[in-house]
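A.B. asks: Chain by chain, the residues:
Protein chains: 2
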Amino acid sequence: MEKRILLTNDDGVNSDGLWAAYEALLPFGDVLVCAPATQQSAVGRSISIFEPIRASQVMHNGKIAYAVGGTPTDSVIIGLHALNWNPDIVISGINIGENLSFESIMTSGTVGAALEAANQGFHGIAFSLQVQDQGDKFGHSISSPGMFLPVHKVIGEIMTQILKHGFPEGVDVINVNIPSHVRGGYRITRLAEKLFVTGVEERLDPRGRPYYWINGPLIRDAKEGTDVHAIAQGEISVTPITLDCTAYSGTESLRRSLSGILSL
Amino acid sequence: MEKRILLTNDDGVNSDGLWAAYEALLPFGDVLVCAPATQQSAVGRSISIFEPIRASQVMHNGKIAYAVGGTPTDSVIIGLHALNWNPDIVISGINIGENLSFESIMTSGTVGAALEAANQGFHGIAFSLQVQDQGDKFGHSISSPGMFLPVHKVIGEIMTQILKHGFPEGVDVINVNIPSHVRGGYRITRLAEKLFVTGVEERLDPRGRPYYWINGPLIRDAKEGTDVHAIAQGEISVTPITLDCTAYSGTESLRRSLSGILSL
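Going down the list, the protein sequences come from chains H and G. The opening position of the first sequence corresponds to residue 57 in this note's numbering, with each subsequent residue numbered one higher. The opening position of the second sequence corresponds to residue 57 in this note's numbering, with each subsequent residue numbered one higher.
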């Protein structure tokens, strides 16, 4: 039953969320921590192909970890191919902040790392925790003492089930989101279309020149059955994710749209 | 028939590929160029949420363009929400280098920009050109005089068809790849699983410390029907892409895997 686990994230190797996941995973086997040296949120599945990558062994509260000078995807690649860890499963997180909807699958570094692992043939699970606060005055998230208790429980329960029944077929990554206040059980969901209404806020710098912040309110009317809706209900959202973004159901319509130039 | 077009890319606003696309798109309407100020390859759908974004109006061979200090996704957001351009279609590219397989959809900035546009409700097409050379001694791609002729033809033909027959239903983004030497016609494809065998190359710096380059050979045995296979045959690959990465076919298997903790 002793499993080899690769643990990464996108908040960086010093994130309390990562180490909360580490504690939760220890009962299941041997955990190698290989994560970005610095905060890498919203980098999606970015990969460093133009720069070389450094990896350093660091200590965190007496535990060995590897800090990678790159993205979450880089960290997975370094763990698998430079440290030659051959895991039974790759866990990413726990991210401090929810990762929901079409948007998050392609922009979240947490999910990106799990997708990279899956694309290399490993089972991947991403864990994210909804947070309500905006951090301290420097923007660092404040970990309150009981904040990670539900995380510990959820990771333990999901790992137990997956190790008992097997990783689901036809699923590349399992995307788990835990509400900040759990008021329900586990819910298998589909991805919502969006989490935010995209917009920008224009500001003027001290010299009167404009700059922009990407910002926008949360979507309020998510459809039932979606991950965004489940989290709003206080349920733990579990979404099966595929790497295959081919729009099979649109193939015939595409064929008609291009009918004048297709030879077949 | 005069259309409003937003043109972006990931190679940056000075890329010859972008301006080749610009020339090809001019007959179809009014083209706003809003693209990253610098090279942004392999950033996927990364989005700048921790940094403010600058945009500058620049001139390129007498034409106005907007240079965005951010990612391809940022450029789309700035074009739509800061420049308030309301396009009929968003074009990304032409990328110098092919964007194929599961890997490219989530790591390519070119495709990422088109996906961002689609997630905001706009039609998106990504164009990429396979290249064989590795650039000059500084790694800059060399644009040979006739290099973009097939690009011009392909963009023209696809735009003509889409404007005549409509953008296909059930498709969020059309991902078009053009081989460096076109030897066939258009082929509607599905995504291959991978383009590269992922690996790393360890080197030692002048002080004897290791660093890593992500590197690996191209996959040689792509399955028929995939984008990778079509390009290898010299065909122009056209792949319908969906934003919805929910693994619907894996939902029941996931339900069984989690049967011990699901209440429903």
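The reader is advised that the hints may include incorrect statements.
In this list, chains with the same sequence are indistinguishable; a pair is considered to hold if it fits within one copy or across any two.
Listed next, the in silico DMTMM-like pairs over lysine to aspartate or glutamate satisfying Cα-Cα at most 25 Å (straight line) [stated by the list, open to error]: (1) Lys279 / Glu258; (2) Lys220 / Glu308; (3) Lys279 / Asp300; (4) Lys209 / Asp72; (5) Lys279 / Glu308; (6) Lys209 / Glu308; (7) Lys119 / Asp300; (8) Lys59 / Asp277; (9) Lys119 / Glu225; (10) Lys209 / Asp86; (11) Lys209 / Asp277; (12) Lys119 / Glu58; (13) Lys59 / Asp72; (14) Lys209 / Asp144; (15) Lys279 / Asp86.
Just so you know, the hints here were simulated from the structure itself, not pulled from any lab data.
A.B. asks: Against each hint, give a clear statement of whether it holds in the structure.
C.D. replies: Hints, verified against the model:
1. Lys279 / Glu258: Neither: 31 Å inside a chain and 48 Å across chains, both beyond 25 Å.
2. Lys220 / Glu308: Intra 41 Å, inter 16 Å, cutoff 25 Å: inter-copy only.
3. Lys279 / Asp300: Both, since 23 Å and 14 Å are each at most 25 Å.
4. Lys209 / Asp72: Answer is within; shortest intra-copy Cα gap is 16 Å, inter-copy 53 Å.
5. Lys279 / Glu308: For Lys279 and Glu308, only the inter-copy Cα distance (20 Å) is at most 25 Å; the intra-copy one is 28 Å.
6. Lys209 / Glu308: between (46 Å within a copy, 23 Å between copies)
7. Lys119 / Asp300: So Lys119 and Asp300 fail the 25 Å test inside a copy (37 Å) and across (39 Å) alike.
8. Lys59 / Asp277: Cα proximity of Lys59 and Asp277: none, with 41 Å in one copy and 32 Å across.
9. Lys119 / Glu225: Close neither inside one copy (34 Å) nor across copies (52 Å); limit 25 Å.
10. Lys209 / Asp86: Within one copy, since 19 Å is at most 25 Å while 55 Å is not.
11. Lys209 / Asp277: neither (29 Å within a copy, 44 Å between copies)
12. Lys119 / Glu58: within (19 Å within a copy, 63 Å between copies)
13. Lys59 / Asp72: within (23 Å within a copy, 50 Å between copies)
14. Lys209 / Asp144: Classified as within; 21 Å inside a copy, 48 Å across copies.
15. Lys279 / Asp86: neither (40 Å within a copy, 36 Å between copies)
Hint compliance for this structure: hints 1, 7, 8, 9, 11, 15 are not met, and every other hint is.
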